[in-house]
Amino acid sequence: DQQVKQNSPSLSVQEGRISILNCDYTNSMFDYFLWYKKYPAEGPTFLISISSIKDKNEDGRFTVFLNKSAKHLSLHIVPSQPGDSAVYFCAASRYSGAGSYQLTFGKGTKLSVIP
Amino acid sequence: GAGVSQSPSNKVTEKGKDVELRCDPISGHTALYWYRQSLGQGLEFLIYFQGNSAPDKSGLPSDRFSAERTGGSVSTLTIQRTQQEDSAVYLCASSRVGTPFQETQYFGPGTRLLVL
Chain D
1 DQQVKQNSPS LSVQEGRISI LNCDYTNSMF DYFLWYKKYP AEGPTFLISI SSIKDKNEDG
61 RFTVFLNKSA KHLSLHIVPS QPGDSAVYFC AASRYSGAGS YQLTFGKGTK LSVIP
Chain R
1 GAGVSQSPSN KVTEKGKDVE LRCDPISGHT ALYWYRQSLG QGLEFLIYFQ GNSAPDKSGL
61 PSDRFSAERT GGSVSTLTIQ RTQQEDSAVY LCASSRVGTP FQETQYFGPG TRLLVL
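As they're listed, the protein sequences go chains D and R. If you're matching positions, the first sequence starts at 1 in this note's numbering and goes up one per residue. If you're matching positions, the second sequence starts at 1 in this note's numbering and goes up one per residue.
Treat the hints as calculated values from the structure; they're not laboratory data. For each residue, glycine too, the CB sits at the ideal point set by N, CA and C.
Derived CB-CB ranges, DEER-like:
| # | chain 1 | residue 1 | chain 2 | residue 2 | range |
| --- | --- | --- | --- | --- | --- |
| 1 | R | P8 | D | Q81 | 30 to 40 Å |
| 2 | R | D18 | D | Q14 | 45 to 55 Å |
| 3 | R | V74 | D | S69 | 39 to 49 Å |
Think about it this way: if two alpha-carbon atoms lie no more than 25 Å apart in a straight line, the pair counts; the simulated DMTMM-like pairs of lysine to aspartate or glutamate are:
| # | chain 1 | residue 1 | chain 2 | residue 2 |
| --- | --- | --- | --- | --- |
| 4 | D | K110 | D | E58 |
| 5 | D | K107 | R | E44 |
| 6 | D | K56 | D | D24 |
| 7 | D | K68 | R | E44 |
| 8 | D | K5 | R | E85 |
| 9 | D | K110 | R | E44 |
| 10 | D | K107 | R | E85 |
| 11 | D | K54 | D | D31 |
| 12 | D | K54 | D | D24 |
| 13 | R | K11 | D | E42 |
| 14 | D | K68 | D | D55 |
| 15 | D | K71 | R | E44 |
| 16 | R | K57 | R | E20 |
| 17 | R | K11 | R | E68 |
| 18 | D | K71 | D | D55 |
| 19 | R | K57 | D | D31 |
| 20 | D | K5 | D | D24 |
| 21 | D | K71 | D | D31 |
| 22 | R | K17 | R | D63 |
| 23 | R | K57 | R | E44 |
| 24 | R | K17 | R | E85 |
| 25 | R | K15 | R | E85 |
| 26 | D | K5 | R | E44 |
Listed next, the stretches of chain D that the computed footprint assigns to chain R, with coverage defined by at least 3 CB atoms under 8 Å from CB atoms of chain R:
| # | stretch |
| --- | --- |
| 27 | 41 to 48 |
| 28 | 103 to 111 |
If we strip away everything but chain R, and leave its shape as in the complex, we get (with noise of 0.2 Å):
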């Protein structure tokens, strides 16, 4: 596809379980970002990849919180042992190039992800 895609749209899981969460950029794009949005807050950076390494983890709220990143391309968001307050919607944007320069992000659907 053209632009960037993520799975699940929806996600329903209980307390305690683990996730994870996919994200495919767009073709060609080299910086991969995740952020999440909690009801009526704006979005929050989480982690950010250049290739497949992740020099920017700054944004992951606790050690429940990992990323990967493989062959350049799909990424994959792991929440462990989820609590009610990972509930959010989880988006993924990619850009052609991180660094230097400034390059428009261009964002997936997001994953609702709601923990009961």
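Extracted from the complex, chain D is given alone in its bound form (with noise of 0.2 Å):
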């Protein structure tokens, strides 16, 4: 059961335009979510978070929308830069009762941006 899905496995844009990827999740017990971003070879880098009491994160190129009733997230890459090209994983987190924040990720979207 997949609790945190990325409808899209991949995504081509053209440089400088618009960026949107999308995320949707089914547990309610999210309270924080975040975006990593994953090179080839390398480990996801943590981009962009927002918390479940807000429905927008802005960072520079990066913005985070959260629609909580409809239990969607959005990433808007504005604009896109070839050097954006890179797999995104959606991630979700909540308390797990044993001490720790369980991330629970999407299978991810590829995101390629063409010059």
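Need the complex rebuilt from these two chains, each delivered in its own frame; the hints are there to steer you.
Set out below in structure tokens:
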């Protein structure tokens, strides 16, 4: 049972345009959401996060939107640059009750920004 | 080093053999996590350490998997009697504090395990 879903395995965008990556979740216990970026042969790198009490968080070219009623979040990259080409993972966090915040990841979306 | 390091970067083993994967977290990070990513799947949580203790082992897929952490630093993930379905990238992450606040987890490059 996938609790975090990224339904688009890949996305191609022209340089300078907006990239929109989507993520849906099913567990209402998630209270914190993160986006990670991953290049080949490297570990995921934290990009941006949002608490469940907010609906938007912005950091430079990156903005994350959260729609709790729809259990949906999205990452907007404006303007897209070729260096943004990577796999983007959506992750959701909840307190596990055993002293840790467990991250549940989606399968990732491969973004290709075309020069 | 400044980041999380893992060794080996690649490991090929035969079915039935035991393997050990190592993680060196960022200095001073008390929380350490192990995840794995199978082909075409998202990252799957395995185990969490706070210091040397593991309060959350809920993600370990079977009793063939075990992990330990010594000195509040280095962690070793051991897989006994490896099976082909164990083939995956095993990722380690660390953060400053596990609870009660959210802290960004920083990931290592992973160990690619292939069981023949």
